[in-house]
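As a plain string of letters, each chain reads:
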Amino acid sequence: MDLLHDLLFDYTLRTVALGAATLGIVSGSLGTYAVLRGQSLLGDAVSHAALPGIALAFLLTGSKAPLVLVIGAALAGWVGTLAVMGVVRRSRIPFDAALGIVLSVFFGFGLVLLVVIQRQPAGNQAGLDSFLFGQAAALVTRDVVVMAALGAAALVVTLAFWKEFKLLAFDTAFGSTLGLPMRRLDVALTTLIVIAIVIGLQTVGVVLMSAMLIAPAAAARQWTDRLGVMMGLAAFFGALAGASGAVISATTTQLPTGPTIVLCASVLVVVSLAFAPRRGLIAAWLRARRNRTNLREIGVLEDLYTLALQHAENPHHPHPVATLQTMTARPESVVPGLEALAARGLVASHDDRGWTLTEQGLSAARAFARIPEGSGQKAEGSGRRTTGHGPRTTDHGLPP
Amino acid sequence: MTQGQLEIQLIAAVTAAACALPGVFLVLRRVSLMSDAISHAILPGLVLAFFVTEDLASPLLIVAAAATGVLTVVLIEALSRTGRVKEDAAIGLVFPVLFSLGVVLIARFASDVHLDVDAVLLGELAFAPFNRFVVGGTDLGPQALWVMGPVLLLNLGFIVAFFKELKLSTFDAGLAAALGFAPVALHYGLMTLVSVTAVGAFDAVGSILVVALMIAPPATAYLLTDRLTVMLGLSAGLGVLCAVAGYWMARGLDSSIAGSMATAAGLAFALTFAFAPERGLVALARRRRTRRRAFAEKMLAVHLLHHEGTPQEDRECRVPHLQEHLRWTPDLAKLAVEAAVRDGYVVRRVDRLALTAEGRAYARESMVD
Numbered sequence: 001m002d003l004l005h006d007l008l009f010d011y012t013l014r015t016v017a018l019g020a021a022t023l024g025i026v027s028g029s030l031g032t033y034a035v036l037r038g039q040s041l042l043g044d045a046v047s048h049a050a051l052p053g054i055a056l057a058f059l060l061t062g063s064k065a066p067l068v069l070v071i072g073a074a075l076a077g078w079v080g081t082l083a084v085m086g087v088v089r090r091s092r093i094p095f096d097a098a099l100g101i102v103l104s105v106f107f108g109f110g111l112v113l114l115v116v117i118q119r120q121p122a123g124n125q126a127g128l129d130s131f132l133f134g135q136a137a138a139l140v141t142r143d144v145v146v147m148a149a150l151g152a153a154a155l156v157v158t159l160a161f162w163k164e165f166k167l168l169a170f171d172t173a174f175g176s177t178l179g180l181p182m183r184r185l186d187v188a189l190t191t192l193i194v195i196a197i198v199i200g201l202q203t204v205g206v207v208l209m210s211a212m213l214i215a216p217a218a219a220a221r222q223w224t225d226r227l228g229v230m231m232g233l234a235a236f237f238g239a240l241a242g243a244s245g246a247v248i249s250a251t252t253t254q255l256p257t258g259p260t261i262v263l264c265a266s267v268l269v270v271v272s273l274a275f276a277p278r279r280g281l282i283a284a285w286l287r288a289r290r291n292r293t294n295l296r297e298i299g300v301l302e303d304l305y306t307l308a309l310q311h312a313e314n315p316h317h318p319h320p321v322a323t324l325q326t327m328t329a330r331p332e333s334v335v336p337g338l339e340a341l342a343a344r345g346l347v348a349s350h351d352d353r354g355w356t357l358t359e360q361g362l363s364a365a366r367a368f369a370r371i372p373e374g375s376g377q378k379a380e381g382s383g384r385r386t387t388g389h390g391p392r393t394t395d396h397g398l399p400p
Numbered sequence: 001m002t003q004g005q006l007e008i009q010l011i012a013a014v015t016a017a018a019c020a021l022p023g024v025f026l027v028l029r030r031v032s033l034m035s036d037a038i039s040h041a042i043l044p045g046l047v048l049a050f051f052v053t054e055d056l057a058s059p060l061l062i063v064a065a066a067a068t069g070v071l072t073v074v075l076i077e078a079l080s081r082t083g084r085v086k087e088d089a090a091i092g093l094v095f096p097v098l099f100s101l102g103v104v105l106i107a108r109f110a111s112d113v114h115l116d117v118d119a120v121l122l123g124e125l126a127f128a129p130f131n132r133f134v135v136g137g138t139d140l141g142p143q144a145l146w147v148m149g150p151v152l153l154l155n156l157g158f159i160v161a162f163f164k165e166l167k168l169s170t171f172d173a174g175l176a177a178a179l180g181f182a183p184v185a186l187h188y189g190l191m192t193l194v195s196v197t198a199v200g201a202f203d204a205v206g207s208i209l210v211v212a213l214m215i216a217p218p219a220t221a222y223l224l225t226d227r228l229t230v231m232l233g234l235s236a237g238l239g240v241l242c243a244v245a246g247y248w249m250a251r252g253l254d255s256s257i258a259g260s261m262a263t264a265a266g267l268a269f270a271l272t273f274a275f276a277p278e279r280g281l282v283a284l285a286r287r288r289r290t291r292r293r294a295f296a297e298k299m300l301a302v303h304l305l306h307h308e309g310t311p312q313e314d315r316e317c318r319v320p321h322l323q324e325h326l327r328w329t330p331d332l333a334k335l336a337v338e339a340a341v342r343d344g345y346v347v348r349r350v351d352r353l354a355l356t357a358e359g360r361a362y363a364r365e366s367m368v369d
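Order-wise, the sequence lines are chains V and D.
Anchor point for the first sequence: position 137 equals 137 in our numbering, and the numbering is continuous, going up by one each time.
Anchor point for the second sequence: position 47 equals 47 in our numbering, and the numbering is continuous, going up by one each time.
Please note that a few of the clues may not be correct.
Sample of chain V residues with no beta-carbon within 10 Å of chain D, all distances over it, derived [to be verified]:
| hint | residue |
| --- | --- |
| 1 | Thr15 |
| 2 | Gln39 |
| 3 | Leu41 |
| 4 | Thr141 |
| 5 | Ala153 |
| 6 | Ala160 |
| 7 | Trp162 |
| 8 | Arg184 |
| 9 | Gly258 |
| 10 | Val269 |
Computed list of lysine-lysine pairs in DSSO-like fashion (alpha-carbon distance at most 27 Å, straight line) [said to hold, decoys possible]:
| hint | chain 1 | residue 1 | chain 2 | residue 2 |
| --- | --- | --- | --- | --- |
| 11 | D | Lys167 | D | Lys298 |
| 12 | D | Lys86 | V | Lys166 |
| 13 | V | Lys163 | D | Lys86 |
| 14 | D | Lys298 | D | Lys334 |
Source of the hints: derived by calculation from the structure; they are not laboratory data.
Where a beta carbon is used, it is the ideal one built from N, C-alpha and C, also for glycine.
Pulled out of the complex, with its shape left as it was, chain V reads as follows (with noise of 0.2 Å):
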């Protein structure tokens, strides 16, 4: 309860847990757009590539207002990613190599601007190094209400070109030939991930801002296939990761905010990876258990049928274990597989002379043969032999 108590009226608590939230919310949110389109990277790039303009409008204003240094921010992490589009667009330069490049020369031209700061007999450059770790415990109501407006701004430009960017992010080229303009509904998408980027920069730093674009959307992404339903997930796990990294950091000693949250948000991503019900790897690794399970039967059944049919006058013939081994790639399932069909009711044993289908299983048997029943007589007509299958499939299940 005192917990509870302060986080309703710890006046510092409070504005970092919301600051916290609000950009967990707004980068969690633009960030699903950003790893669908296989752009994560793209975040880190900006946030980078922002120093120079924190730097640049300081020098030109001597102010620290969190909306000036965010507006410089934003216009120098605009013009880092346009850069990048461009270099992508008329070079053979790829695009990770473009983003690394704007990213730390970017980051390099910061640095210089910093130490020329440090240098002017008013520079104090204290405040502004804050921004490559983030300093989220020196957030005041004022910059909570910055980061809430720019970041509701970018959300409601969002739900408005909510069709435009979907065609973006899935289907490009339909989209161009609906006429939509592409190329700068792109731009505007980008411009939006970078508001999302600066409003967090002061929270998180330079270096960390890339994951809160692209961990709460990496673990949305494993819930579902529906893109409104991952955005709101995005969102969701965002904030939370926000407000409990901070709400952490806030209550143990000597622990930064900053890293603290990417590490609630990482916690998030690997939760949601192991325990999603469909994408999940528990969940596939269950799956894939289930389907060797049910291959393993559907062979035995398939070659005790394949058996049955050599037998047209008897086929309640029984047949050893030893001649279903040697049908079969794998013999050490045969055993298993018989006892797991024994248990369903649909291949009974007969002593020491082996096993034979029941009359529920020769009906099974029939609704998944691969080799007809007609052919059966011919082929013992004929003389031959049916052994051995062609690749099975896992989609094969047995009725309930």
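Following the hints, complete the assembly by docking chain D onto the known chain V.
The following block gives chain D in isolation, referenced to the frame of chain V:
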């Protein structure tokens, strides 16, 4: 020039050359941002090694950081291979976690030690000459040179020893695998080199600017040549040039040397992007203009051929008509006529145009094309 200044430039040049060599393969294999991921993610390795050794100058720090760099690559590959996230997202997810862990470890357990996290990001070459390598009372020069010199030699050695394997796996990975050139081992060997280089370089220029030195010179060279050996040489040379230029820029501005080196690398890239003889914007624009003129000239010749000796000849074969019929702008019409006249395909008689024999042959040949 003082010895200190000379040493700084030498350290900068060696660092830049060492970074440029593996950077060539990063750019060509389209994994440039692995350098960003590795150079950021080595922080926890450094911190843990420091906890063990209590010595910031211990070689174990370099080993541990390089191992962390390789671990970063392993984690990124593993995450990519799940198929749940794309490779770029995997990069963007892994290195912030490792970097965050490093920052948290420093803040909680090493905040009273001079292990300043600023130094990892930023580095400062100006102080490098003060760290001397002294053995038995003999001053052997700056410590940074003894780190980056061997790294440069290691990079050179690896590239020379495995040149054909690297070349083949970079340009035709399928064939390399089919021939049994162990592409995975080669990949991790290359990534280990990147890690070692990034670790060695970060003390001089900081982890973010390692990216500038690794990516910008190779990308610049990529705009200038199609040959891998030339690209390697050009990259190293450009790196050295940018390092020295950056040093003097920093002196002029009294500012960060590492930042100036990155800025110089960026300027070199921008200039090459604009003016490269084959692939620069200027060359492309000139080539585009040349092609446009040649095409217009060809159309003009064919147009005149079609109307030669016809009742409409007198009306069709006038300069103003080109704008009506072919919908050319006045500038384009003027350009085409001047080019055709200069090339000897067309003659002007007062305001009429007529094909020369050469022009007639050119027009017929164009139609066959």
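Against the structure, the hints:
Consistency note on V:Thr15: stated as away from chain D, and its beta-carbon is indeed over 10 Å from all of that chain's, at 21 Å minimum. The claim that V:Gln39 lies off the interface is violated: its Cβ sits roughly 7 Å from the closest Cβ of chain D, which falls inside the 10 Å cut-off. Distance to chain D contradicts V:Leu41 as a non-interface residue, since its nearest Cβ pair spans about 5 Å, not more than 10 Å. The Cβ of V:Thr141 sits about 26 Å from the closest Cβ of chain D, beyond the 10 Å cut-off, so the non-interface label holds.
Look at V:Ala153: its CB is around 25 Å from the nearest CB on chain D, clear of 10 Å, so calling it non-interface holds up. The beta carbon of V:Ala160 sits about 26 Å from the closest Cβ of chain D, which is more than 10 Å, so the claim that it is off the interface holds. Listed as a non-interface residue, V:Trp162 keeps its Cβ farther than 10 Å from every Cβ of chain D; the least gap is roughly 23 Å. No beta-carbon of chain D is positioned within 10 Å of the beta-carbon of V:Arg184; the least distance is around 22 Å.
Distance check on V:Gly258: its Cβ comes as close as 8 Å (rounded) to a Cβ of chain D, failing to clear the 10 Å threshold; non-interface status is violated. Residue-level check failed: V:Val269 sits 6 Å from the nearest beta carbon of chain D, not beyond 10 Å. Restraint check for D:Lys167 and D:Lys298: not satisfied, since their Cα atoms lie roughly 43 Å apart, outside the 27 Å limit. A hinted pair counts as satisfied when its Cα atoms are at most 27 Å apart, and D:Lys86 with V:Lys166 qualifies at roughly 19 Å.
A hinted pair counts as satisfied when its Cα atoms are at most 27 Å apart, and V:Lys163 with D:Lys86 qualifies at roughly 24 Å. For the suggested pair D:Lys298 and D:Lys334, the alpha carbons sit about 14 Å apart, so the restraint of at most 27 Å is met.
Hints 2, 3, 9, 10 and 11 from the list above are not met by this structure, while the remaining hints are.
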